[in-house]
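Undergrad: Fit chains B, C and D to the given chain A structure using the hints.
Number of protein chains: 4
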Amino acid sequence: MESKRRRKNPEAMPKKGILERLRDGVVIGDGGFVFQLEKRGYVKAGPWTPEATCENPEAVRQLHRDFLRAGSDVMQALTFYASDTKLENRGNKAGQTFSGKAINAAACKLAREVADEGDALVAGGLSQTPTYLSGRSKKEVQVDFQKQVQVFVDNNLDFLICEYFEHVEEIEWAIEVCKATGKPVAATMCIGPEGDMHGVSAGDCAVRMVKAGADIVGVNCHFDPSISLHTVRLMKEGLERAGLKAFLMSQPLAYHTPDAGKQGFIDLPEFPFALESRICTRWDIQKYAREAYELGVRYIGGCCGFEPYHVRAISEELMKERGKKSMATEKHDLWGGGLLMHTKPWVRARASREYWENLRPGSGRPYCPSMSQPDEWGVTAGSQVLMQHSEATTEKEFKELANHAVKTRSRK
Amino acid sequence: MESKRRRKNPEAMPKKGILERLRDGVVIGDGGFVFQLEKRGYVKAGPWTPEATCENPEAVRQLHRDFLRAGSDVMQALTFYASDTKLENRGNKAGQTFSGKAINAAACKLAREVADEGDALVAGGLSQTPTYLSGRSKKEVQVDFQKQVQVFVDNNLDFLICEYFEHVEEIEWAIEVCKATGKPVAATMCIGPEGDMHGVSAGDCAVRMVKAGADIVGVNCHFDPSISLHTVRLMKEGLERAGLKAFLMSQPLAYHTPDAGKQGFIDLPEFPFALESRICTRWDIQKYAREAYELGVRYIGGCCGFEPYHVRAISEELMKERGKKSMATEKHDLWGGGLLMHTKPWVRARASREYWENLRPGSGRPYCPSMSQPDEWGVTAGSQVLMQHSEATTEKEFKELANHAVKTRSRK
Amino acid sequence: MESKRRRKNPEAMPKKGILERLRDGVVIGDGGFVFQLEKRGYVKAGPWTPEATCENPEAVRQLHRDFLRAGSDVMQALTFYASDTKLENRGNKAGQTFSGKAINAAACKLAREVADEGDALVAGGLSQTPTYLSGRSKKEVQVDFQKQVQVFVDNNLDFLICEYFEHVEEIEWAIEVCKATGKPVAATMCIGPEGDMHGVSAGDCAVRMVKAGADIVGVNCHFDPSISLHTVRLMKEGLERAGLKAFLMSQPLAYHTPDAGKQGFIDLPEFPFALESRICTRWDIQKYAREAYELGVRYIGGCCGFEPYHVRAISEELMKERGKKSMATEKHDLWGGGLLMHTKPWVRARASREYWENLRPGSGRPYCPSMSQPDEWGVTAGSQVLMQHSEATTEKEFKELANHAVKTRSRK
Amino acid sequence: MESKRRRKNPEAMPKKGILERLRDGVVIGDGGFVFQLEKRGYVKAGPWTPEATCENPEAVRQLHRDFLRAGSDVMQALTFYASDTKLENRGNKAGQTFSGKAINAAACKLAREVADEGDALVAGGLSQTPTYLSGRSKKEVQVDFQKQVQVFVDNNLDFLICEYFEHVEEIEWAIEVCKATGKPVAATMCIGPEGDMHGVSAGDCAVRMVKAGADIVGVNCHFDPSISLHTVRLMKEGLERAGLKAFLMSQPLAYHTPDAGKQGFIDLPEFPFALESRICTRWDIQKYAREAYELGVRYIGGCCGFEPYHVRAISEELMKERGKKSMATEKHDLWGGGLLMHTKPWVRARASREYWENLRPGSGRPYCPSMSQPDEWGVTAGSQVLMQHSEATTEKEFKELANHAVKTRSRK
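Protein chains in written order, with our numbering: chain A, 284 to 695; chain B, 284 to 695; chain C, 284 to 695; chain D, 284 to 695.
Here chain A stands alone, though its shape is the one from the complex (with noise of 0.2 Å):
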């Protein structure tokens, strides 16, 4: 079964790079891997480390395969926070089992593999380093950001992706190591329209990221659709009023996030395991899809919390706009059509856009608020308090932290 899935003669056809198909239509990014190979069994939430493309290669590749069967354009190889530093910050003992070139290499293979089993391209990704937090040199965060560039170029990875940066600053030095590899550079932050945490503004953002050598800019993760493509919005008018071009990108949160402060949903108590009642539905995400794409969004795809069918929502909302339908819209008729197949009558009184569209849903928690107070430290890199370790957080800490949180939220 699996041997039909893979192109017989890939060499023969060359795969339309990421840039020639944001010029001709939409690309479809993938979901949040860490966030679900989390509930599936696989990462550990706190230091969200990779090392799964070691341990469980096939639940990896399983989730490749569940989004490129959604409409993923995109296999991000699974390096995210997948730098030495980060493997063995604070008591994560994942680095001394696999090196970060290992989990690297590992990944890279694990996308293109599932990639070629059907049109898709591999991007791999850095993100912000513990090193640059800890108030580090350009130099030697770059020198972080070298030794996975390395394992890209070594695996030929279609093009590159520097997500997840809160610096405008550390993402430059991301773009730089990047741009000098002569692939395609994608960049986008994790901020919201109040721009970087020392205050660069969203519009401002796009504009250095372009010059560092962006081709591709956005934002990323932190906040929902509504806020993110917001931020996108103003990086476009930024652009604009600086006379620049570049793709625009957005793969935002699958979490409501009305509430976030500056810091998006990090600073939310219920973060990160509480979040389900933010979980977006398919239809939220077709709304986000419409908008992202009405904005001049071509690059649409989704960070912590989009699921597989998340990412097929995007496809089906412009299914008609890219020509085509993805796999897994075989298993899902459009606007609930497959209810039709329903046994009870009320329940295929249902199958229609209309309804699913006017719907508001109810949270089943009637004991709960609808909205929360965020966390409000105003914490940002170069700060003692964010300066990162190898040594695991002792109980005394543990305590003055809590004591503080506690003192925190009652002053409001």
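What the hints contain is simulated information worked out from the structure, not anything from laboratory work. Note that the coordinates shown come from a computational prediction; the quantities given were computed from them, not determined experimentally. One or more hints might be untrue.
Below, computed lysine-lysine pairings styled on BS3-like, alpha-carbon distance capped at 30 Å [said to hold, decoys possible]:
| id | chain 1 | residue 1 | chain 2 | residue 2 |
| --- | --- | --- | --- | --- |
| 1 | B | K298 | A | K627 |
| 2 | B | K682 | A | K570 |
| 3 | D | K430 | C | K627 |
DEER-style ranges, computed between Cβ atoms [as the list claims (entries may be wrong)]:
| id | chain 1 | residue 1 | chain 2 | residue 2 | range |
| --- | --- | --- | --- | --- | --- |
| 4 | B | V668 | A | R643 | 24 to 32 Å |
| 5 | D | E678 | B | E659 | 33 to 41 Å |
| 6 | D | H687 | C | E577 | 33 to 41 Å |
| 7 | B | G665 | C | E520 | 25 to 33 Å |
Which residues of chain B face chain C? A partial, calculated answer using Cβ under 10 Å [to be verified]:
| id | residue |
| --- | --- |
| 8 | V483 |
| 9 | R643 |
| 10 | S653 |
Glycine included, every Cβ here is placed at the ideal spot set by N, Cα and C.
TA: Okay, now just chains B, C and D, sitting in the frame of chain A:
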């Protein structure tokens, strides 16, 4: 890697049976296959039939493996709704490609394969039939059951489960067929505290299931953990009054349904495509596992909405009672302990049981209510409107249904 | 101006009595005096005693007038909790300045004065006593009642109401005392569908009240309109089973209490200073009036939270049945019709029944839940902790109570 | 009794003026007359005109007295919308019975009468006119104002308030007319942080009001306390930038309006008949009073929704700063202290500041959202659709409006 998972010589050391395990401790079930595979892109909502066992075996195998790692002691073969009548009901075309027999046989093989990667048992399941809902005779309904059971016997499954029945009469007929095989029989109805659809109380349902031959009785699906345990308590009391003994079992939804009516979550307007905000957190499930255990339930699992991490939560709550932990717990320090490795200090401050147990999560949906008004059509087995057929629903029929639904709602 | 209100010669045309009115149609009660006067600044929350009849007669008179204009057919003299024991309970100093007798006499005079500005009757009321809660004898309790009733007789009130009793035994004692006067007696308990605090069912409470001599029975206070009518329905069924006849009466809260436990809104954490978000709209009350009427309730009024405009809503809903409208309806075109005179066109667009009946009002409180966990101390008459005394609560006692409350809540 | 309220010889000891009081401390305003009198049954929602000063003087007098007792230092004569044009607008018949002059004169008399029962001042008020909204000239609009101001001068009121203006241009015209009398002038707009309806920022509005002659500036109505203080902060900053000085004033709604758009609560679907669940608690108002005081606001009052107990909450929060307490505080032990006299021990346990400050009140409305989508018609002064006339709205006009409203909403 995968070869390491298989037990060298499984025949050499026969596994302990289900009744023996229940006598000695607590057995953890698995989660909701069709809902999870729908999100992963392999099952169609509406018919909910499991042809994926033939079409995408690796996806089914991987989900079994996720649950095995999470702590499931039972691999339930994916045979839900795999009767020939259901595979061809109301325009479902699954039955044209694969016979019920082929789907069931593949399901048994996949479940056994993964079960033998650990110490799990394999169960085959029967569920309610269109035949019964259409008002056919006991004989006709039992023919449907017999065809499925034969496959389970041929594949030498460890025990049988009759589940997802709304009418005690039909589950009695199913239990009889199962009992005749000589294998242990578990029987769970998808009912709430109000009893079955024909007005038989939960306590009486339990009594009748035991008298029909069930070794294990309880509820599955349709209601949230708290309501489900309430129903199990009523069953327990019914058995005590009747002087009967049986093991208790619960496999509820992982959705909060305080507002559900008699027919459970099917009638909630969010079913099945907007249930996200109702999904239970892992902490909700730990609470459920504890309460189930204290009530005397010894077969504790889940149904629709239960993902691998929910099953892991059961295994973590009962770690002491079971004297072991699940494989996936390697990737999950208890009570959020992994957060001690998080970069941001205020997230590290959340690494405690006290924090997560007391959190009332916000929905991020300020324009949505906390509860919904369920549809209440009051239709049950034998009603003309439930007569099943192989023709697809026509547009005219759909319009009539939709109009009726609107009227029903506005009467409230 | 005020003189115009008074009937020229009231003696010339004696008013129709309460029982006659109930036989011929529907009688509208008044609203919640102590809660409304607390907001206006004349009654203290906690003791809730009505010394305002002596201290600020013009405020009490004006509230009577507001209700008369709103459509009340009965002016209930403000004698709630006006027993000498209550006036000096737990540090209350009201009793040092005014005797219970003086307060009651002033109340009668004020009620009569306003009643004669229209066609209203005047009722005197008894409610549950600290004496009973403290576990004293029937004789002692009836002495308390007798003292109040004597004032009502001296002032020749039209009928008597025993209301706000949690124990059917105590209300039987009160009814006996009232019955002896020869005046018609109404009797309402502040109970929900679970029955009285000693476990007597709602149906049996109704039967016992009628047997003790009540002409009119029902419920008041403690629960919202919907729950209260549920209780009245149980009472009605109880009377039917017993072959008894009586008029039905309901005077519920104007607060939504879906989450209240057995003791009603007293146990909700919001009682009494944060109930605002639970206040019923006028449309909620119109719905209540219709449902009450259809159930057969003929004495329809309100209790705590009912303001004049809520009573007007009853009179407007039943305008046709009553063949008249209230004075205050001059200032209230039906179903929001007055909005047709609003400046802004989109507000004029709201002038319809359809609009207001279908609106689901937002709370403007996204950080608050929709339901609360009630305190559940399970304490009732005869419990040591309910022993009443004239000393004020000490700080030590308060701390013990507060600690106990915190512990009770965190056990949930 | 009432005679005791009057000061023996008011002329003998002239009261301190408003500016002097503001210089020396904090002045407490009153609450929302038309909303409160609508609930009591004396004002019609829609036109909101104050003919009650002639029709039911005792009701107006009593409400003044309630506010005086609650701590109001200012009795604002009930002259809201009492212009001849408004009294005959869109089918309002109030103007046929009473002239604007008569209504205003009666209002002045009633306010003075109650003010002299204490040490309160009397203010006369102007508000926005249909004349301006219809696009008429400055001269025509000022004629409207002049007619009202003449009554205030004839009755020798203590100072004048221009309030409830959405356009800074119109309030400038009003201030000019008031300033010419030589009396102190307060000026508050019903705007939020986005500024006036023609796009003038809040800061610039403040500057223009002061330049036009206002001694006191700020906001009233349309938004909740928190949003209103945000706007006042913007005004304060605008004045500081311009080097201007004025006293600051805030009289917000007592309704939570986090979801309001630019035109405030008028646009919320709940306006005006389903705002109950948005009503602020007394604790919300204490918080408001503290924040207002800390911002430097010295005239602190309320508008629609403010009831006497809300004003009392201001006076209690600022008891120390003012060196006195309100009369109604006799009936309100601070921070729920009166509950120490409650019969039930668990209610006594709520008698503390900590309890009430931390409570997040439940709405009791699980089927309702926490926020609503405001109507957004974007219509402002000069728009054809705001042209006012004396004819009533026809049914045809209403249907067009209602259809338009439905379309506007479904576009969201």
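Undergrad: Does each hint hold? Answer for all of them.
TA: Do the hints match the structure? See the list:
Between the alpha carbons of K298 of chain B and K627 of chain A the distance comes to roughly 41 Å, so the proposed pair goes past 30 Å and is violated. A hinted pair counts as satisfied when its Cα atoms are at most 30 Å apart, and K682 of chain B with K570 of chain A qualifies at roughly 25 Å. Between K430 of chain D and K627 of chain C, the direct Cα distance comes to roughly 25 Å. Compliance with the 30 Å bound is thereby established for this hinted pair. Judged by the Cβ atoms, the range 24 to 32 Å given for V668 of chain B and R643 of chain A holds: they are separated by roughly 28 Å.
For E678 of chain D and E659 of chain B, the Cβ-Cβ distance of about 36 Å falls inside the hinted range of 33 to 41 Å, so the restraint holds. The hint said 33 to 41 Å for the Cβ distance between H687 of chain D and E577 of chain C, and at roughly 36 Å that hint holds. Between G665 of chain B and E520 of chain C the C-beta distance comes to about 30 Å, which sits within the given range of 25 to 33 Å. Given the 10 Å rule on beta carbons, the hint for V483 of chain B is violated: about 24 Å separates it from the nearest Cβ of chain C.
For R643 of chain B, the suggested interface contact is upheld, since its CB lies about 7 Å from the closest CB of chain C, less than 10 Å. Below 10 Å, beta-carbon pairs count as interface contacts, and S653 of chain B has one with chain C at about 4 Å; its hint therefore holds.
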